[in-house]
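Participant: Given next are the chains, with one letter for each unit.
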Amino acid sequence: MFKIVERERVNPVVNKFVIEAPIIAKKREPGQFVIFRLHEKGERIPITIADADPDAGTITVYVQELGKTTFQMGTMQAGDEIADVVGPLGNPTSIEKLSGEMFVIAGGVGAAEVLPIARKHKKIGNKVVAILGFRSKDIVILEDEFRSFADEVYITTDDGSYGREGFVTTELKEHLDKGRNIAEILAVGPAIMMKVVSDLTRHYKIKTMVSLNSIMIDATGMCGVCRVEVGGETRYACVHGPEFDGHKVNFDLLLKRLASFKEEEKISLERYQAAVGGEDG
Amino acid sequence: MADAKIPRQAIPKQTPKDRVKNFNEVALGYTPELAQLEAQRCIQCKKPFCIEGCPVEIDIPAFIKLIKEGDFEGALAKIRETNLLPGVCGRVCPQEEQCEKVCIMARRFEPVAIGRLERFVADWEIQQNKMDLPEIAPPTGHKVAVVGSGPGGLTVAADLAKLGHKVTLFEALHKPGGVLVYGIPEFRLPKAIVARECHILEEIGVDIRTDFVVGRTASVDELFEMEYEAVYLGLGAGLPWFMNIPGENLVGVYSANEYLTRINLMKAYKFPEYDTPIRVGDRVIVVGGGNVAMDSVRSSLRLGAKEAHIIYRRSRKEMPARNEEIENAEAEGVVFNFLVNPVRYIGNEQGRVKQVELLKMELGEPDASGRRRPVPIEGSEYIMDIDTVVVAIGNGANPLVPSSTPGLDTNKWGYIVADTETGKTTKKGVWAGGDIVTGAATVILAMGAGRKAANSIHEYLTTGEW
Ligand SMILES: Cc1cc2nc3c(=O)[nH]c(=O)nc-3n(C[C@H](O)[C@H](O)[C@H](O)COP(=O)(O)OP(=O)(O)OC[C@H]3O[C@@H](n4cnc5c(N)ncnc54)[C@H](O)[C@@H]3O)c2cc1C
Ligand SMILES: Cc1cc2nc3c(=O)[nH]c(=O)nc-3n(C[C@H](O)[C@H](O)[C@H](O)COP(=O)(O)OP(=O)(O)OC[C@H]3O[C@@H](n4cnc5c(N)ncnc54)[C@H](O)[C@@H]3O)c2cc1C
Ligand code: SF4
Ligand code: SF4
Ligand code: FES
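Taken in sequence, the protein lines are chains D and U. Position one of the first sequence corresponds to residue 1 (my numbering), numbered consecutively onward. Position one of the second sequence corresponds to residue 282 (my numbering), numbered consecutively onward.
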């Protein structure tokens, strides 16, 4: 059992959790994730480690409410216990001193996922530019955290209610066209957003890494559900990834595989909402 | 004493019609009367071949004699001298290839039903609500890490705990048992039996640490830093193989590992009570001819498939699955398609598999395995409409531990190199056994390897000699 020591709703759809997991807190590196199983009947879901405190023995995650499991997690409070937390999983991001600028691009809760990576880039002396995209002003998260260390921070909202109106690619394109010295781009967020970023940067021939969020079960390389196509080859996101060269990823396949259980997910969520009275929690 | 006129006693089963509607165990087990009748068939050979046929050399005539005499408790104790998991082995051992194959009775009649008798006494103990714990030697102060809780790891943990060593069993998944919990379905091996065996381990002082992925949560070298003096790797086979044909990544194409893990470990057959979904549809094909393929295809029927097909590229004779399970599958209505192989899968706009193109084969010359090699018949392709594919053609080695453990050698297939007699690897203080060394094999062979390694580890701990 893993105890939740802190829980905070950071926007209408995302909750932050600080969870006791001492071994993982010591071992984890930026880019790695954990698997949660909330209770005996629960499914196993992957969530990125946004931060960790090795001394306190805790990890921090940001979880967006999308379906049954993430909504149910949203109802858990400090003091509650999670049945299983496994990790750290996946390969750590390779973070090196670059000859140019590091651009981190995030969509929605992806901001939490790139946070530790961006921090480490800054720590080893890279110039870090962050472009964070959200649907609207009310769901902007972690802006202050990014501003506290990043060299430049740009916010975009789809509806223009905050920052620049448009998608992350609207902002990114401008920087690309200015001919900035961009050494590497890392994009993390919904698959469709990582796809459009990769499509854009392909023409500029700039290295673009993406963190693939395929469906997972064991996350130890045993089941193969997380398989993705990269450069025409089948790779397992959990053990070979989760980061891959965005220019080589078959996003169309990823998008289709993410929708594998759409109908079942709907059944599960509706049944859950009926049981808890239809309200969020 | 023995009576040749008694026929081999059949094991009562759920009828095929009933059992395809549930996940309960198919075989119901012997009653005490049936067991004692069957036990009478053993002629108590002076030179019992059956013992040689059992990889862990159970004193088979001795335990059968005790059953005949009605001393079921004594019979179980006899088996436990060499086999920790009688309830498991009695159910899933390929007896027809091992102990029963060489039973003297098989020469003129049918072999004594050794496996069924073995499971009978194990089940009898559960029914009596008994749990006899083995004797434990006084603590030695030595600490051992066992990685992987399949039958191999369970055996090592039990053997070393009995000798007084402090054992921690590390398991990546949330439940211990390895393939016994995530692979083999409830209808062939009830999970309560595995849970009970794991509970016995805890009772004798083994610390079971689930949710711990060695190679990620801690490396093997870090286990040594945590003051474990010896490490046993019982990782099992890993990465599932695919055929690398077009369309294999379409939605609705599962590896057998994924399919069976969803069903067994995650209980997707109870969705939506349990959160993990599975989608089966009306027509399922399972590619392969081993136990894994049989388990997948029979699970499909239980999940409501109208048609469940085996697609196998050789003929029935070459199928590696246990005969009993093939017969069970036939009785349940599984359709067997022999001498065909898939060449590609065809999907719809949503990327969901809709059809398979199959190619007919004929048998040519025997290959290295001694089985006749399937040869494609040119121009024999045909299309079949399907909703789900399960690929059950085997697993490769999982690289997580080897790639994070300097000094641990693997062979060209990625399996860990280990001495067959001791289980010693190329890295000092590290032993390995089971599927991660041999490639996919059997429960009892993994247990046999574990037993040998446990002896070797004990020697190392007490003498300090590698
Ligand atoms: C390596 C990795 C790291 C991740 N890190 C985070 C994180 O830090 N924070 C976070 O909020 N989420 C993260 N995710 C996504 C998260 O795992 C899913 O949102 C979650 O499993 C959904 O579960 P559910 O039962 O609530 O919803 P479901 O009912 O399973 O799904 C609801 C909706 O979400 C979509 N969906 C399903 N699975 C995924 C998925 N894996 N990724 C994206 N969409 C999905 C479905 O298509 C469906 O429309 C990560 C995923 C991966 C693979
Ligand atoms: C569907 C199916 C049906 C089968 N039917 C039969 C049958 O009828 N009869 C028979 O004799 N055999 C059968 N087998 C084969 C048999 O189950 C295996 O040979 C046997 O289980 C191998 O045992 P093992 O101890 O080597 O490992 P496994 O049982 O494979 O267990 C390995 C364990 O190690 C864990 N692990 C792996 N890596 C790590 C890590 N890095 N850190 C921590 N833990 C880790 C895994 O999660 C797993 O729990 C079947 C196999 C399958 C898949
Ligand atoms: S363990 Fe397996 S091989 Fe040995 S006697 Fe029992 S069923 Fe036969
Ligand atoms: S070989 Fe057969 S008959 Fe002989 S002792 Fe063994 S089980 Fe009994
Ligand atoms: S999640 Fe099972 S292999 Fe990656």
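In short, the hints are calculated from the structure, not lab data. For every residue, glycine included, the Cβ atom is placed at its ideal position computed from N, Cα and C. Wrong hints could be hidden among the right ones.
Ranges of calculated distance between the beta carbons of each label pair, as one might list FRET restraints [as the list claims (entries may be wrong)]:
hint, chain 1, residue 1, chain 2, residue 2, range
1, D, Gly-231, U, Lys-693, 42 to 50 Å
2, U, Pro-293, D, Leu-255, 46 to 54 Å
3, U, Lys-382, D, Gly-57, 50 to 58 Å
The following residues of chain U were derived to be distant from chain D, with all beta-carbon distances above 12 Å [as the list claims (entries may be wrong)]:
hint, residue
4, Glu-377
5, Val-383
6, Tyr-463
7, Val-494
8, Arg-497
9, Ser-500
10, Glu-539
11, Thr-542
12, Gln-636
13, Arg-652
Participant: Next, verify each hint and record whether it holds.
Facilitator: The hints, checked one at a time:
1. Gly-231/D x Lys-693/U: 42 to 50 Å: Given range 42 to 50 Å: violated, Cβ gap about 24 Å.
2. Pro-293/U x Leu-255/D: 46 to 54 Å: At 51 Å between Cβs, range holds.
3. Lys-382/U x Gly-57/D: 50 to 58 Å: Holds - the Cβ-Cβ distance for Lys-382/U and Gly-57/D, about 55 Å, lies within 50 to 58 Å.
4. Glu-377: holds, 29 Å
5. Val-383: The assertion about Val-383/U holds, with a minimum of 35 Å to chain D.
6. Tyr-463: violated, 8 Å
7. Val-494: violated, 6 Å
8. Arg-497: violated, 6 Å
9. Ser-500: The assertion about Ser-500/U is violated, with a minimum of 9 Å to chain D.
10. Glu-539: violated, 4 Å
11. Thr-542: Nearest chain D Cβ is 5 Å from Thr-542/U, so the label is violated.
12. Gln-636: holds, 16 Å
13. Arg-652: Given that every Cβ of chain D is farther than 12 Å from that of Arg-652/U, nearest at about 26 Å, it holds.
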